[in-house]
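In case you want the letters, here they are:
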Amino acid sequence: MIEVTGLTKTFSDIRRGDVKALKNVSFSAKAGQIFGLLGPNGAGKTTCLRLLSTVLRPTAGHAEVAGFDVVKHPEQVRAHIGFMSGNTGVYDRMSAWEMVEYFGRLYGIPEKERIARQEEIFETLQMNDFRDILGAKMSTGMKQKVSIARTLIHDPPVLIFDEPTSGLDVLVARSVIDAIDRLREQGKCIIFSTHIMREVERLCDQVAVIDKGEILAAGTLDELRQQFQQPDVEELFYQLIANNRITEGADLHKETSS
Amino acid sequence: MMQSRNVRLIFAREIRDQFRDRRTLFMMLILPLLLYPGMGVGMLQMTVLFSHQEREIVVLGNDHLPETPRLIDGNRFEKRFFSSSPDAGESLHLVLETAPDEEEADADTEKKDLLAQAHHLVELVRAKHRIDRWEASENETEAPPKLAQVEQNLATAFASFPADVVIYFPPGFDEFVREYLTQDRPDEGQVIDQSIRPIVVYNGADEGSQLAYRQTISVLEQYDRELTRLRAKNLNLPEAFIDPLFERRLQDGDRHHVEDTAQEEQHSANIWSRFFPTLLILMTLTGAFYPSIDLGAGEKERGTMETLLISPAARSEIVLGKFLTILLFSILTAIFNILSMGITAFYMISMAGESPALKMMNLTLPPFTSFIAMGVMVIPLAAMFSAMSLALATFAKSTKEGQYYLTPLMIVVMGLTVFCMSPGVELTPFNSVIPVVGLGLLLKNLILSPISDIDVFVYILPVLLTSIGYSLIALWWAIEQFHREEVLFRESERLDLKLWFQHLLREKEPLPTSGEAIIAFATIMIMQFLSFGLFQGLFSDPNVSKADAILQSLAVQQLAIIASPALFMGLMLTSSFRRTFRLHAPRLKWVAMGILLPIFLLPLSMTLQSYLHWFFPELPPRIKEILAPMSDPNLSLIKLVGVFALLPALCEELAFRGFILSGFSRNGRTGVAVVFSALLFGVMHMIPQQVFNAFLLGLVLGLLALRSGSLLPGVLFHFVNNALGVVSERIPQEFFAAETTSWFVKVNENGLSFSFILLLICSVGGGLCIRHLIVSGNDVSPALTEQVFPESVSETAEE
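Sequence order for the protein chains is E and G.
Okay, so the first sequence: first residue is 1 according to my numbering, each after it adds one.
Okay, so the second sequence: first residue is 1001 according to my numbering, each after it adds one.
No lab work stands behind these hints: they were computed from the structure.
It is possible that some hints are incorrect.
Stated by the list, open to error - So, partial list: chain G residues that the calculated Cβ filter (under 8 Å) puts toward chain E:
1. D1017
2. R1020
3. D1021
4. R1302
5. G1303
6. E1306
7. L1309
8. I1310
9. S1311
10. P1312
To be verified - In silico negatives: residues of chain E with every beta carbon more than 10 Å from chain G:
11. F27
12. W97
13. V170
14. R198
15. Q229
Just so you know, these numbers come straight off a predicted model, no measurement behind them.
Note that beta-carbon positions come from the ideal geometry of N, C-alpha and C, so glycine has one too.
Bound conformation, chain G alone (with noise of 0.2 Å):
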């Protein structure tokens, strides 16, 4: 039916009318162009200007130190004193209490006023020590002194003081380290005086008082073990004394034995690693972000999509053309990105011999293969955005409308980037299916790939398939968008809230819309959010045990979360509460099938479960201490029962098959129904083992619902279903150990498993049951079916 002609006009019609469009141009290739070179330019000056900084010290009783070792020269602190380069000493610049270079006349008022802030700051902290000891000899006579005071005081003095750290030295310092170093060996119970160490003052929410501690204190550090190495030699005891696993040498700080085995080009592939993906994921989208919107919104706003629609094109075509075009710039733009973008850094890095600020990002050029990697995978990227985008868009009214819809889109990958570029998030089978994640962690490997652990070429098949079906839901998606007369014809009036509740009390009609179906949906997953919070305090509550508080969280998230929102909103919204909720007397069969069907399908899903248990994640902790309490034999089987089988099967089949269902399959298109409600039935279930199950479920659920015209036996289906998982936990170890029981079923460490016959037994017995399930027809009656699908009617009699 499709003709490549059309898709192909309309594709070389589209790319010219974008070309045409200057804004594009723009976004695709000047931007890019002028951005990174921009960019470098700005970074350059920026690490000028940053390794300039100066780092303020002020040093107390500085004449207070010994001679030997000499811990300042000048004002600089020695400069072997520096672990990682010496260099680093550059930026402290130490302002010393008494400077023996300097007449005491010479002195500024400007030095005199900040030792005099640094002798407060030091004086608060002091009197903050005498309260720590006073509430530490628990003195119960005297008034306490006010700690939060003294540190309140602390902090604000701390704030207008101009330097980044102070250190002092308190008096007799000299003399304590003369005595350290020439004792012979240590007075036994000895206790040194607290006061005699040196205080250093900083703040580490600010981050220039960070940055210089943390410079200070490791030259302190390497100054206590210098000192420490010093008394070891007095002592004529040999170096290994001090360091026993390491042998650290003063002037590196390196610990040699300890190999790491990074080149340079791995730790710049570790760079690239992240920034490349991250760049080709934001940059495919603002590709397909403004084309979209002009290919979409821009045709309706500008008045145009009528005369395409009558165009010989088939709307598929339109959409296919259309979709392409999207996709071409959508590439285009993160090519020119990327080439810039990877053009600037090469300059920046071949300049890098004349520049010691970026010789310190060690960076290299990224590997050849990552080009390659980028260049297969940006095609899955752009195609499932372009299709995206171009539906968003496509819903909207005019180009400002699309923008507002596409935000979201924007957020949403943002969220997903940052995830899969956060350390430790590996690509394994589960991440790997995940939109834009797993092609993010793919493409993060591939550029690793010499370096890393994971065996990465596995994964480009699924991860490719599984785009590329990603991609062709939201194409479809779109090609529905542009199917839709309402979407297409949408009159640009105000959204009147008033009006439109109103409307939807007033005009009710018998069954809810799909948009009705959704917005019950949102609102049970927005109260199981906020319900999180709630049960938390319950757990917390030590008068209640948990697997009660467990059962009761349950209890009230089915009856107040699932069923509750769908009940009112049926009460609301619909005309007929009993057709919503099929609440009908099914026939016979139906209700047989309720029964027998979930006891073929459940040895079939365990057994599936447990041969995927590989790919689903592993259940955080928290989640297994949750669940530990359930499987104690001592709980009621009855409670059980109810909490895990009766209520889900009232109060989940009420809001899925009946008003989600209902609403989804109003305009008769059953099969996108049943698949849409199975769907979000599997992301309510939130644990990513039980969605895949619910998924599988629902779908059976739902043609059930739909066939037998009742909601009793997906009720009935359900509570078999969630009652054998409860009882088979439940059954003693005697039943398996029976001759005939063993074989069918077998126990074992990881629950039970199913011989072959029985799987055999079960398969033909629920391929018939859901065989018959598929073809039969539903059981509504006609009278029925002509008010709620006209359409769908007259079409039949049609044919």
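This is chain E alone, in the form it adopts within the complex (with noise of 0.2 Å):
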């Protein structure tokens, strides 16, 4: 459902010159699997994740999602995906229902249809209760599901989620991982990216390891504590990243605390 060859990204950066984001990253996830990013802050996550949704267009290399190639047919990309971060906020003036409402409008879904399956995600979601509430009155949890049933409300086969759980409660945090859970029963190709291992752990098939644009590991969680001999995956993934920046001859405090 989703291939990535060679994937770079090159920005330029007023502090540092040129920067390259994503260096040559390569990867596959399928239907019904959980494919998991790794990674810290800076990582590459975001931009990876935002070139696989059409939001930037890819230096280098290649990406398809969903059999659609991102450059190519970008419309036909983000028709068949449902994509959400910590970017993508939700109107102000706009209540729960009108917002979900208008992307169903605009991914062309028939009326009658459009108002069944609302329904049915604000059930499950249970959103009920504020769907009048405009934006600027929600709080970041009601936020959050408005946006998952944003990404839902089409029905896609990808799903693109990055870091979703940062800053909820635990609660909402548990709501939406639950979500996912669900999703990937249903099927869906799901492409997460975060760096809480707890969550990997609990909703991984296949993970890969980003630090620096590059990915370091890939494969599923027992293929890897296998691979580098830790059970912790926490402790994987601290020395992963680690000795890639030892042997980059970076200052790993320098970095983190900066």
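Two chains, two frames, a set of hints: combine them into the complex.
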């Protein structure tokens, strides 16, 4: 469902000159599976997912989502994915219902079908008690639910979640994780970025550890545990990244503190 | 590709969003509804206050005034001496030195003080007159009294003087008048003693004083005329003796036989024709201002930009939806403002029957056609502003930044509005294609149309078409902004100038950026502007001949102002000087084309220019004056070719086809780069005719530089083109007289004119060359391209 080969993205930055946010990254994700993209802040996770959602254009390389090339058919790609991140906010002057309705219409879902689907999503995500509240007056949890409802309204085969639980309290985070888990059962191809290990252990079928724009290791969690002889995922993650930074000659503490 | 459904959905959403925003509604509806009635009330009060403002005039020596004709009646001037309206006299209050009905003892100290001050002023004036006379007599024995000192004293004394004007009638004035009236004939050679004339003191910089003075002096002039009339009567001269040209009656001061054909509505139309376009322009802009910030920068600020970008709508659809929303609000704002103002005006005019203050303004309602004209014009106007403000607002990171970016637009539009509403600016072909100015002038003339002497309707189509063109360009620009990742995902970090400079100098890239190209151009323009003053000095230097001064200043301009900034920036900011300035050896065919193509194109461009002569405004006489010495046949041809051909060919090519074109074409969009660099090249030439010509040349030169990968063909082209122009002025007449040459070219009073055959040959030759330029590929080695445009290479490889 997602096929990424040699994906590269370069930005020019005033502080650091040309920055390669993503260097020659390749991976693939299948339907019915959750693919976890693990990495510290600034590793290139968001850039990678933005490239997949066609919001950014790759500098080099190739990516195919649901059978469509992200450069050649961006509209088709966007029609077949649901994308949610910390940066995909909710409109202040729209109610929960209107927001989802608006996107449903943009996706071109027939009205009857859309209303039925919207009712269903509002039911399962327990959003009926705030369906007429404007975005400006919603809590963070409510907004997150609206975002999820927005990503699901057109029943896309591919779902991309960029740190969907960041900034949420335990209760809401749990319900988001549960929702994602249920989506896998529906046979969706899900790609999911995070730096929280518990979420990875709970959800991911496949993981790729990414740092400084490069994939350091990839496979199932079990495969990684065996490969690096480390049963604790958090420790494994830390060592991978620490080793990577030492080989690159960078000071880990300095990097993380900046 | 574009789906109208998506545009409609986005449009509908944005509209709803805006209607839920109280600020937008306030700006669009509430403000105009409150503003104009409020302003109306304010204006009413102002006029009432203003008309009751009395001006005080101190009359000294009023007892020296003759009994007949009488100038003063009580505390007022005689009503009949007010030429415009007898009511005007009501606002002039006279303080008389010797009041007839007042006891000397009753005069309060305040008046005494006032009179004393007035006397002091008159004394100073007389002192000044004495100095004037003294200087005129060139008396060298006495020590010179200080004129400046007296003038200074006079100014200080008047500043603390509470009244507005002082009139002084010297003793013996009545005697003088009586003699004047009764004398049979003027004594020949008699010099009137200047000290017998009245003195008037006022301050022209003080508005009240100025106003009172104007009325006072017109009264005195009428009084003067009355004296002449009386004397003529005493001498039994006919009345026409005084006014041979126009019969003038003292009462109304009208010049008979002079007929003002303007009717009241026309006077009003004249006022409305300035007022409505100004209001319409400013209100459509204001109406576009706030929604565009909200829809552009606001989207980023509230973190919904990415949400929108991942929707299935294409970016062009998003921009179009937003554009239509802003357009609607801009139009509505303008309409509500005009409506509210119209209703207020209607109400005030209907009230005018009761208020004399309003009657004075003589306003009637605007003609109904003006509302139709405004209804049509508001659409292209709003379209242009909406697209421009959307592009600027998209560029901004936050709403605050959006306001910063939009303010210059506001200022420029206001400047253009003031320009097109100033008297004397007419709707000409050239003015009609300037953005905002064209629409403003057209609207002005449409409102005036019944009395306008310009055939307005001819202009409607060109103005509308060019405005639509500008709107489309602005819209394209807005869509362009939505395609730029660095604009959409700009991090809100503070601008650190030091860091930025370090970045510029340290992380050099082989080619300049488009931003740097624009800075280079701005530097050239600013230096050009600053150098005007410098050259002015050179022209006025009597030791240098006019022609030499011009040649020198042009050479300096080319070297210091055009070439140097580009070369300097190239050295400092890029890592490959050679590639930035295209210092490569071109293929032979491009060299040949650089020499041949201008020979083909020059007759065509000269013919085109002579056809378009009517379109451009005439050169101001000052510039003509400067250019005149250039056609002096004694000027050395080598000097002329050097300054007009060689230097521009080198310097302008380095700047425009070197640094600037390299900057624009860096991201691989060569078509846009050529057009942009040509546009800037045109703008640099300042004079409208040359701007147009240089733009066309710039297109060819840009294409040539891009295709050949070298600066040389362009330099050759530029040199040959300019040199031909210079030399053609020097070709002896006999050359054109020869039979064979007259087949191709003739000379007449307008310069050269080319025969159809020559033009045909040139068109075919030039056309073939340009076609070849357009279809052939760029002569840049693939290795170079890969470094410069990695993006475009990877894309083409895929296809």
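Taking the hints in turn, this is what the structure says about them:
A hinted interface residue such as D1017 of chain G counts as satisfied when its beta carbon comes closer than 8 Å to some beta carbon of chain E; here the least separation is about 5 Å, so the hint holds. A least Cβ separation of about 4 Å between R1020 of chain G and chain E falls short of the 8 Å threshold, and the interface hint therefore holds. A least Cβ separation of about 6 Å between D1021 of chain G and chain E falls short of the 8 Å threshold, and the interface hint therefore holds. Checking R1302 of chain G against chain E by beta carbon gives a least distance of about 6 Å; that is within 8 Å, so the hint holds.
Taking 8 Å as the C-beta contact cut-off toward chain E, the hint placing G1303 of chain G at the interface holds, the least distance being around 3 Å. The criterion of a C-beta within 8 Å of any C-beta in chain E is met by E1306 of chain G, whose closest approach is roughly 5 Å, and the hint holds. Look at L1309 of chain G: its Cβ gets to within about 5 Å of chain E, closer than 8 Å, so that hint holds up. Because the smallest distance between the Cβ of I1310 of chain G and any Cβ of chain E comes to about 5 Å, under 8 Å, the interface hint for this residue holds.
The closest approach between the C-beta of S1311 of chain G and any C-beta of chain E is roughly 5 Å, which is under the 8 Å cut-off, so the hint is satisfied. The closest approach between the C-beta of P1312 of chain G and any C-beta of chain E is roughly 5 Å, which is under the 8 Å cut-off, so the hint is satisfied. The Cβ of F27 of chain E sits about 19 Å from the closest Cβ of chain G, beyond the 10 Å cut-off, so the non-interface label holds. With a minimum CB-CB distance of about 13 Å to chain G, W97 of chain E clears the 10 Å threshold, and the non-interface call stands.
In this structure V170 of chain E is separated from chain G by more than 10 Å, as the shortest Cβ-Cβ distance comes to about 23 Å. R198 of chain E, annotated as away from the interface, keeps every beta carbon of chain G farther than 10 Å; the closest lies near 27 Å. Under the 10 Å C-beta cut-off, the non-interface status given to Q229 of chain E relative to chain G holds; the minimum distance is some 39 Å.
Violated hints for the displayed structure: none, as all numbered hints are satisfied.
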